[in-house]
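These two chains come separately, so use the hints to put the complex back together.
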Amino acid sequence: MDGVPQEIVRGPRRKLAILETIRSSEDPIGEGKRILYLAVQRGRFVKPCPCTPGAIGCGYFIINLNLQCPLDCTYCILQHYLAEPWLTVFVNLEDLWRELDVFLEKHRRRVLRIGTGELGDSLALDHFTGLSEDLISYFREKANVCFELKTKTAAIVNLPAVRRTDPIVVSWSLNARTIADEEERGAPPVTERLEAARAVVKKGYRLGFHFDPLVRFPGWEREYDQVVRKLFHVIPASSIAWISLGALRFPPALKKIIQARFPATKIIYEEFILGRDGKLRYFRPLRLELIRSVAGMVKKWGGEEIPLYLCMEGEEVWRDGLGWNPEGKRAVETTLSPRAWHQDKS
Amino acid sequence: MRSIFEPKQLALRELDLEDTRFRISEFFSSDRLALSIKKIDLIHPLLVTRRAGRFVLVSGWKRVSVCLKLGISRAPALILDEPDDLKAFLFVFYENLAGREFSLLEKAEIISRLLALGMVRSRIMKDILPHLQIPPTAFYLENFLSLSKLGFSAKKAISGKNLPFPIARLLAEFQAEDMEEIIPLLLPLGQNKQKDILEDLLEISRRKTIPPRQILGAPGIQAVLHSSKWPPVQKSERIRLALRKERFPLLSAWEEGFQAALRELGWPKGISLEPTPYFESDDIEASFRFKDEKEFRARLRKLLEISSRPEFQKIFARPRRTSKVRKKS
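Same order as they appear, the protein sequences are chains A and B.
Take 15 as the starting number for the first sequence in my numbering and just add one per residue.
Take 253 as the starting number for the second sequence in my numbering and just add one per residue.
Straight-line alpha carbon distances no greater than 27 angstroms define the calculated DSS-like cross-link-like pairs of lysine-lysine that follow:
#1 A:K270 / B:K447
#2 A:K270 / B:K445
#3 B:K408 / B:K321
#4 A:K280 / B:K497
Hints are computed from structural coordinates only; laboratory data are not their basis.
Note that the coordinates shown come from a computational prediction; the quantities given were computed from them, not determined experimentally.
Isolated chain B, as found in the complex (with noise of 0.2 angstroms):
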């Protein structure tokens, strides 16, 4: 690699910004920086290339950018001088895995620009994905590479809402068009509860083979989203929960089934009734807490009480038909 450096101060009108091959930043937040170079100028030199004729920015987006906002028209710079686009795209690699951590898009990026300038698959895992806490398989490279193709709008969610690798991963699976709807539903929830809406939306719209917008499209969802009663929050909790009922109709109708009896009982407060995780067996278990022998008695007349009467069947009771169950999701 060669490394043949020329200082200069570069007037930022030769640089073309329009040429963004080396570019891996497109979100930041630029107001520490701003004050810096307002107090002590700009320390850090640009780092910059020719490419037929002109200057192209290698590293310092983020600078030339402030620097433009702060109406700056000069900069130090280094002029690098290696004509291999490859080379020098890892110039900026490793001058920022130097000085700082990048994020989850910028790492997608760096990804996507290395295969795209001729860097082999095999040898972006071994060299490259280590370097950015990536793990070296396939699996991993290919989804990167599918956040670096996602478009503005869910780029900057992502950024934004700096959300983790597993669902920008799984938001990368969605094609442009489904966005629109998907994102304001997203954005209101936690992070748990923003990977079930996409689960799953992704696998109703796999079993149905229908696309997720078309899902989104149904009256029901469409209700909620267009409903000026509930805030954003709500809509977004009220259409995880239908869209869950539509992933898993006989399960929902079981724990429905379940609520429904023990509210029709008035079951006591103090007195906990659960079934078996996902009902994987018949078992129910009650469990309660007592502080004495009178309160343990009071307990166990209250459940005697309760289990004689003829509605207590209800709690054992699950519906039978799953096609009806399908039918009406």
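For reference, chain A alone in the conformation it holds in the complex (with noise of 0.2 angstroms):
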């Protein structure tokens, strides 16, 4: 990081007074974006993914390694979610292997998923920290996890070759191709996230696939259609161990932020309702129908047997978007979880 200007931040009013100057900027939300601050992370780092009121979870986990994103997407709730607006990466690593070790005891008899994705994206500053390959080293031999690394990026060089049988998924968001070149600024077009999924395959990982958030736009159905068909011409189906999809939805306060930020954007001016979790979303039949057309997308070039879940739906989209009404996140943390993956192993 030769050139880049350093400092020591000592005191909490010193903090205070770059928070300060950050918010007297023009836009202190991409200010923030521009400043990497490595950290101390004084409180856990592990935390079950909070999900949304009134949704079938999946029983995720999140590792808060770091806070964040240095790509810059309209609709990311980072923008609103986090109050410090610069790159966080937490660097007391030995704190983060013990409470894991103690984690994963007190979980022993469940298989979990776990990973880094939520709070910011696993690989994009990867090439700073090279935090993947300590996670990979950590979560490999271990028998009742899965570890999940979730990206936009093709920041993959330093991930290590793994066996395709250690429980390690590498994911990648992906999109339409309007919306990844209109909305998604900083990350890399789809077809070089699929480039990057396909040498990772080649490294031994499975991979996941986050179709989230859909969006509707005008040809939203040829585009999904797509990319849906671009993914599996170059991923083999076998390789997938899960897709999520999720319709694009934001807190009130959000739209806001999006207008200032971004006021050429269309994408938050369709149907929105205010739904039971105090997000807008889309108006239930335009969800279903986003929902269920890239499910039959995927089933209809990936195959019927690819683990398809949905990132913050409730009973009724769950049942009449993907055809299953999952009893509760068991039902759908059984279904994604990995345990024939360990069978393989032994």
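Structure below.
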């Protein structure tokens, strides 16, 4: 990082002063993306994914190892969700390993899904931090866990080769070309993401794909079909651990942020209603149409066996969108569980 | 900050009233001040400063306006010896801050002037916004700046109807060319409905990439606007509903379908039937009150009778084709 100004932040007052300076800029969120803050995680690293009230969860756990993201997607919830705008990477890894040891032991009877890509992109800063290699080394020998790195980037250079039975999944967030090009600033094109995914399969990994957020725009059906077809053209279906679908949703406060930061976007002007969880969501038949269509494309191009799940949707949308009404998050968890891989290993 | 003042009886004709660099108030009511001046004369001196050999009014626009209307030609004044415009303007700000609340537009003007006079954004946020009871963030700063750029008719509407910040902020997102159509629509309505109209117009305009005046120029809306059948409040309300339908075509179709089914069934007044908000689930809630067993049984009989009719199924029917709804809208 030659030539990059560096500072040791001594005390909360200095931190507050930096925060005030950023907040007084014309675009505090954009400004925060230019600052990398290396910090000590004082709280817990591992937390259950909060999901959303009224939705069927999937029993996922998140590791808060990095906060915020250098990419700048229009719809990103982090613009609203996190109080501090800078990119934070926690450096006290010894504490993380200790906490994970205790956590995994406590849940030894379950097969857990856990990942780092919830409050930031798992790989976007990996060229600075090299954390992916440490995490994979830790998790690959664990019997009761499936670890997921989730990204929109093509930053795979640090990922070591693994055995196919290792419980590691590298996931990509994919979208229709128009959305990727116009609404996911800083992220590589979908084709580049898929090339990175293909390279990762060769390293031995299983893959996940997240079509989240699914966005309605003129031509969405054609473009989602193109990307799903391309996905299965590049990636063998047998390498895919799961695919998730989630229609665009956001808290009302984020809408104002999006309007201010991305005045040219149109994606927030479809028929959004205030959902039971207080988030703006597409009116139910519209999001059902999205989910059903894309789920149909996945089945058409990838086959019926790909595990599909919905993110932050209630019982009725699961039933009408995927034709499946899971009885709670344990049912979803079991469906996505990589027990079969462990059986392969034995 | 220097504070050298020289008291003087100033002939008002010596003031360069074209020079408005320190002015923050455009709209005010002057009746009470006029009465006060008539009864006890002008007590508080004007604050003026010299620029290019002329006197420029720093503080006291309302007083000068009233004096001129009353035919008063001289007024007490303090001459501020301050060549720096920003420092002089801060006199206006702090002098007024001590004595009164600023209106929304005055706050916008203060922020705009400070920026034009060279105060940087970060200092305005830190040192000025908190005094104006404005959250010290870039969002508010930029929004207040956009209020200061509004045209006369929009400012007059904001001032005259005492519109709150959320509505004024929305109004500031429209172009001057749209104001002529929009402002008359807003004025007869309450604030919630004003907000609905502005939000729907903006969002339809952004989704379709057409100017709001083109949306309001649609034949259906023009027919309402130029009709002599309805008073202004009813015209505004009809246009508000038309915009809502265009903004939420499928939701509107579902709501209308549900209401039409109730009407067709002649749904009894004493029994409420409500879908979940925005039809987020398939559940429909029926509820009624009763005083005794007889009334309870009567309600149940009525419900049973209605539910046995074939048209009861229409309660559960929903328009499915979104594209058709879009085309209609």
